[in-house]
Amino acid sequence: MNNSTVKSFNKSPIGGFRGLFNSDKITKGVLLLSSFVILFVAGGMIFSLVEGAIPALKSFGLRFIWSNNWNPTEGKENYGALPFIAGTIITSVAALLISLPLSFSVSLFLGEYYRGTKIAKILGTMVDLLAGIPSIVYGLWGFYVLRPLLIDLGLPNQGFGIFTASIILAIMIIPYATSLSNEIITMVPNELKEAAYSLGATRSEVIFNVVVPSARSGIIAGYILSFGRALGETMAVTMLVGNANIVPDGFFSTGNTMASVIANQFGEADGLKLSSLIAIGLLLFLLTGIINAIGKFIIKRMG
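Per the working numbering, residue 157 is the first one in the sequence shown, and the count goes up by one each step.
Hints listed in this document are in silico derivations from the structure and should not be mistaken for laboratory results.
Please note that a few of the clues may not be correct.
[To be verified] Okay, derived cross-link-like pairs now, DSSO-like style, lysine-lysine, Cα gap no bigger than 30 Å in a straight line:
#1 Lys-452 / Lys-277
#2 Lys-349 / Lys-452
#3 Lys-184 / Lys-452
Everything numeric in this text was worked out from a predicted model, so none of it was measured.
Let the hints inform the model, and build the full structure from the sequences given.
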């Protein structure tokens, strides 16, 4: 087709119609619209949380963050978020520490020792399956299986508490930490490992002196993102943490998290109590956002 034919086609009604519905323009418009929708939704969430939290923040000020008094009695209402902030951080940190050895070992198994083998594929599928199980199922398993086991071991508070919730959280974040660490480990260049082997290094020496240092930043970022996942977990923790509005005084003490207190009390709350729960939700939103931003920053620095 010569140039004159192409020009004639573009000037025709069909050619003009095609130009009007150019696929590149449509794709760009759809992507731009999607981006604005995401920004609008995020902005709407922040606006709603801030608007709902204003009465509590006006009444208690910054004291709301470090006060440990939660008194819903009419005429004596006083609310503080410290018990729930402490419960959230303690359970999440404990879960991360519990999950770290197992998830790191599994990621090395999948990414190095048995990389590309049938057993690695089966185990990888099982890890992905764990990531897809609803949190309520983890909570039921913890309530009917893990809690009776802890009671038999002589732990107090009928098996409820920070320790029980931390174990369930650890099991829940293991798939995320494992998958992220495995992806980073497989990205380590083969040239580095081959150079170490050529110098006489053993496999374990290559892994712990070449692979792990090279992937360290990505592995740390993966655990930080998993920590952010643990901060916002609700149903499983609500079923096992004990739901006591106090600052935990020990690892086996009962407590409450920011997500669990909202789930427990939001349905019956109104007035200042409702505003206080929304303020706790705002704090959880900010805390999770900060943790995820730190993880993204580390991944960017690694790249």
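Any of the earlier hints contradicted here, and which numbers?
-> none
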